[in-house]
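A.B. asks: From first to last, the protein sequence lines are chains A and C.
Take the first sequence: its position 300, counting from 1, is numbered 300 in my numbering, and each next residue is one higher.
Take the second sequence: its position 316, counting from 1, is numbered 316 in my numbering, and each next residue is one higher.
Bear in mind the hints are in silico, worked out from the structure with no lab data behind them.
Note that the coordinates shown come from a computational prediction; the quantities given were computed from them, not determined experimentally.
Cβ atoms here follow ideal geometry from the backbone N, Cα and C, with glycine treated the same way.
Among these hints, one or two may not hold up.
To be verified - Derived DEER-like restraints, expressed as beta-carbon distance ranges:
#1 C:V28 x A:G120: 17 to 27 Å
#2 A:L173 x C:L228: 15 to 25 Å
#3 C:K169 x A:L282: 42 to 52 Å
#4 A:G120 x C:G108: 54 to 64 Å
#5 A:L173 x C:N238: 35 to 45 Å
#6 A:V288 x C:M179: 25 to 35 Å
#7 A:I285 x C:L104: 47 to 57 Å
#8 A:V288 x C:R178: 55 to 65 Å
#9 A:A127 x C:L15: 48 to 58 Å
#10 A:R180 x C:V44: 22 to 32 Å
#11 A:S231 x C:E325: 47 to 57 Å
#12 C:P354 x A:A240: 48 to 58 Å
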Amino acid sequence: MDLAGFLDLAAPVAGSGIRLAVPLVFAALAGLWSERSGVVDIGLEGKMLAAAFAAAAAASAFHSPWVGLAAGILAALALALVHGFASVTWAGNQIVSGMAVNFLAAGLTVLLGQVWYGEGGRTPQLAPGERFRALDLDLGLAALFGPGFGRLWSEAVAGHNVLVYLAFAVVPLTWWVLARTRFGLRLRAVGDAPHAVDTAGVSVASLRWRAVVIAGVLCGCAGAYLSIAQSAGFVRDMTAGKGFIALAALVFAKWRPVGVLATCLLFGGLDAVAIRLQGTPLPGIGTVPVQVFQALPYLLTVVLLAGFIGRAVPPRASGIPYTKDR
Amino acid sequence: MSLARRPLPPLVDRLLLPLVNLVIAFAVAGLVVLAIGENPLEAVTIMLRGALGYPEGIGFTLYYATDFVLAGLAVAVAFQAGLFNIGGEGQASLGGLGVAFVCLAFDGAPWWLVAPFAVAAAALFGAAWAFVPAWAQARRGSHVVITSIMFNYLAATLMVWLLVEVIGKTGAMSPETRMFAEATRLPSLRDLVLPLGLDLGRSPLNPMVFVAALACVFVWVLIWRTRLGYEIRTVGKNPTAAVYAGIDPGHVVIVSMLIAGALAGLLAVNEVMGSQHRLVLDFVGGAGFVGIAVALMGRSHPVGVVLAALLFGVLYQGGAELAFEKPKISRDMVVVIQALVILFAGALEHMGRPLLARIFAPRRRIAGGAA
Chain A
1 MDLAGFLDLA
11 APVAGSGIRL
21 AVPLVFAALA
31 GLWSERSGVV
41 DIGLEGKMLA
51 AAFAAAAAAS
61 AFHSPWVGLA
71 AGILAALALA
81 LVHGFASVTW
91 AGNQIVSGMA
101 VNFLAAGLTV
111 LLGQVWYGEG
121 GRTPQLAPGE
131 RFRALDLDLG
141 LAALFGPGFG
151 RLWSEAVAGH
161 NVLVYLAFAV
171 VPLTWWVLAR
181 TRFGLRLRAV
191 GDAPHAVDTA
201 GVSVASLRWR
211 AVVIAGVLCG
221 CAGAYLSIAQ
231 SAGFVRDMTA
241 GKGFIALAAL
251 VFAKWRPVGV
261 LATCLLFGGL
271 DAVAIRLQGT
281 PLPGIGTVPV
291 QVFQALPYLL
301 TVVLLAGFIG
311 RAVPPRASGI
321 PYTKDR
Chain C
1 MSLARRPLPP
11 LVDRLLLPLV
21 NLVIAFAVAG
31 LVVLAIGENP
41 LEAVTIMLRG
51 ALGYPEGIGF
61 TLYYATDFVL
71 AGLAVAVAFQ
81 AGLFNIGGEG
91 QASLGGLGVA
101 FVCLAFDGAP
111 WWLVAPFAVA
121 AAALFGAAWA
131 FVPAWAQARR
141 GSHVVITSIM
151 FNYLAATLMV
161 WLLVEVIGKT
171 GAMSPETRMF
181 AEATRLPSLR
191 DLVLPLGLDL
201 GRSPLNPMVF
211 VAALACVFVW
221 VLIWRTRLGY
231 EIRTVGKNPT
241 AAVYAGIDPG
251 HVVIVSMLIA
261 GALAGLLAVN
271 EVMGSQHRLV
281 LDFVGGAGFV
291 GIAVALMGRS
301 HPVGVVLAAL
311 LFGVLYQGGA
321 ELAFEKPKIS
331 RDMVVVIQAL
341 VILFAGALEH
351 MGRPLLARIF
361 APRRRIAGGA
371 A
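Based on the provided sequences and hints, a complete structural model is requested.
C.D. replies: Below you can see the structure in the form of C-alpha cells.
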C-alpha cells in the first residue's frame, strides 16, 4: 500500500478519533482547573450528563444550538455550585460530594426527561438547524493536496463543528492562564500549598471557587457537545463513563494542559480504532476483542498511577479541604 | 475555635445530627416531587404501603436490604481504615463471576451443598478485585479512589467480554449464562414463613439475609473487639500515629480492602444464586454505589448500616410501586434521593453543626481545646 492509499484509509479514523476526543478534552481540562486548585472532582461525569440533557432540551425548545450550549453550561454550573458549596464552603469530603453530583445528574436527567417528554429519559430528535453542524473550512485545499493528504485535510482538520475548534483553543488558553498569569500562579499555589497562599493574604476559598466555576463551564461544553453536536438529542446515561475516562486522561497527563490534549487524542484514537476494527482480523494477531481497546485507557492509567511508567503525582493539597484555624 | 468544630455531646453528634441531615435530604426530595407536580405526602404513603404494607412487599424490601447491608459494610470497613472504597460495584461483579463458576460447575447439586462454596468464591473473587487498588495504594502510593474507579470500568469490560465471548449462552438475546438447575438455586424463604401466616409471594428473599446479618456481627466484632480492628481504626484516625504504635499502615490498608472486597462480593450470592439464577450483565445494578450512601448514613457502624440499608430497601421496593402508580415519578427518583442522602449526610454533614453547637455545646465546654 502506498502512502496516499494508507492516508485515505487512516483519515476517517483520525477524524473520528478527534471527534471522540473533544468531550474528553473539555472534561479533562475541567478536572485540571479544579484539581490544580486543590479540589478533586469526580463529578465530571455528572456535570457532563446534566449539561447534555439541558443542552438537548433547550436546543429543541428554542431551535438554536447556541441556546442549547448556554443551557448546558448553566446546568453544569449549577452542579458545580453544589460541589463548591459542599467542598469549599463547608469543607466537606470532595469525593463524597462528587459522587452526589454524579447521582443527582443520573437521577434528575431521566426523571425530568420522563416528565417532560415521556420517552424514558430521551429528548426529542433535534432537527439539523438545532445542532452544531460541520463547518465548511475546506478552502479548496483538499483538491490542492491531492488524494492522500487531501483526504486527511478534509476528514481530520477541516469540516468539524465549532465546538471541536473551541476545545483545541481552550488547551493553549488554559496553559497560558495557568503558567503565565498572576491568577494562574495563585491557583496552582492554592493546590500545592494553601497555607502559604492564605499567609500571603489571598483567599483560598475564592480561588478554589473560581476554579470550580471554570470547571463547570468546561463540563457544560463537554456535555453540550455530546447531545447537540455529536448526536441529535439526549439519551439516558449518555456520557457512559466519559467523565471518568477524562479523569483517567487527567491523571495520565500528570495534570498538564498539553499532556491532556495528547492523552485525550490517544484515548479518542483508541476508541476510533476499536470501532474501525470491530470484527476485522488483524494480520498476525487475529480478531482483537473490542473490549481490549475499551479497557486500555483504564489499564494504562492504573499502571501509570502505580509508578511503573513515569510517576503521576497529583497537586499536593488536592482532596484536602482547607480550614483556616488548623 | 469556630462553631463548626465545637465538640457536640455524643448523643447529639451520633444521632441528632445524622437525623437532621436526613430530614433535610428528604425535604429536598419532597421539593423535587412537588416540582414534578405530584403530592410528596401521597408519594410517601404509596411507597410505605408498597414496601411494608403486605408480606410480599416486605420480602422484596428485605431482599434489597440484604444487598445494601453487604455493600454498606464493604464501604464502612474501608471507611474505618480511612479509605474510600468506591469499587464495590466492580468487586460485586467479580463476586458474581465466582458464584456463577461454582454454580455452573456443581449444576444440579443441592443448594445447601453448593452455597458454602459459592459464598467462598464470591468473597474470594471480590477480595481479589479489591487487592490491586489496595496494593497500589499501600505500596506504590497511587490513590485508591482513582484506581478503584478504573477497576469498576475494567470489571464492566471484563464481564462483557466473558459473557459475550467465553461463558455466555450461545444464541441468547442478551449476554448471560444458562440458568442454574432448580435444585442449585437458593430457595425462597416463602415456605419457611408460610406457617406463620405470611405469604412472601414471588419475592426473592433467600437465606443470604441471614448471612448479611452475620456479616454485621462479624464486622462489629472485627472493628471493636479484635487487635486487627484496633489497628484499622488507628490507621483510619491517624496513620502517622499508627506507625509510632508499631502498626504497618500499608498492611492494614491491604487487609481492610480485602475484607471490604469480600463483603461486596457476597452481595453477588444474593443476586446471582438467590434471585436471577444465572449471571447476567450488570446484575449489580448500582447496589455497590448505594453502599456508599448506606455507609455514610449509618456512620460506618453495623447498626447504622442495617438501619440505612432497611431505609434504602424501602426506597427501592416502594419506589417500584410508586413508579407503577404514578408514572411521572419514575424509579430514577430513588437515585435522586440517594444523591441527596450522599450530599447532605456525607459531603454537607457539617452544615447542621454550628446550629446544633449553638444549642447543645455552650462555650465553656471547649476550654480543653479538643479538635
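A.B. asks: Each hint: holds or not?
C.D. replies: To see whether the hints hold, each was checked on the structure:
1. C:V28 x A:G120: 17 to 27 Å: With a Cβ separation near 25 Å, V28 (chain C) and G120 (chain A) satisfy 17 to 27 Å, so the hint holds.
2. A:L173 x C:L228: 15 to 25 Å: violated, 52 Å
3. C:K169 x A:L282: 42 to 52 Å: With Cβ atoms ~28 Å apart, the hint is violated.
4. A:G120 x C:G108: 54 to 64 Å: With Cβ atoms ~39 Å apart, the hint is violated.
5. A:L173 x C:N238: 35 to 45 Å: holds, 42 Å
6. A:V288 x C:M179: 25 to 35 Å: Taking Cβ atoms as reference, V288 (chain A) and M179 (chain C) lie about 31 Å apart, which means the hint holds.
7. A:I285 x C:L104: 47 to 57 Å: violated, 30 Å
8. A:V288 x C:R178: 55 to 65 Å: violated, 27 Å
9. A:A127 x C:L15: 48 to 58 Å: holds, 56 Å
10. A:R180 x C:V44: 22 to 32 Å: With a Cβ separation near 56 Å, R180 (chain A) and V44 (chain C) fall outside 22 to 32 Å, so the hint is violated.
11. A:S231 x C:E325: 47 to 57 Å: About 33 Å separates the Cβ atoms of S231 (chain A) and E325 (chain C), which means 47 to 57 Å is violated.
12. C:P354 x A:A240: 48 to 58 Å: Taking Cβ atoms as reference, P354 (chain C) and A240 (chain A) lie about 40 Å apart, which means the hint is violated.
The earlier numbered hints that this structure contradicts are 2, 3, 4, 7, 8, 10, 11 and 12.
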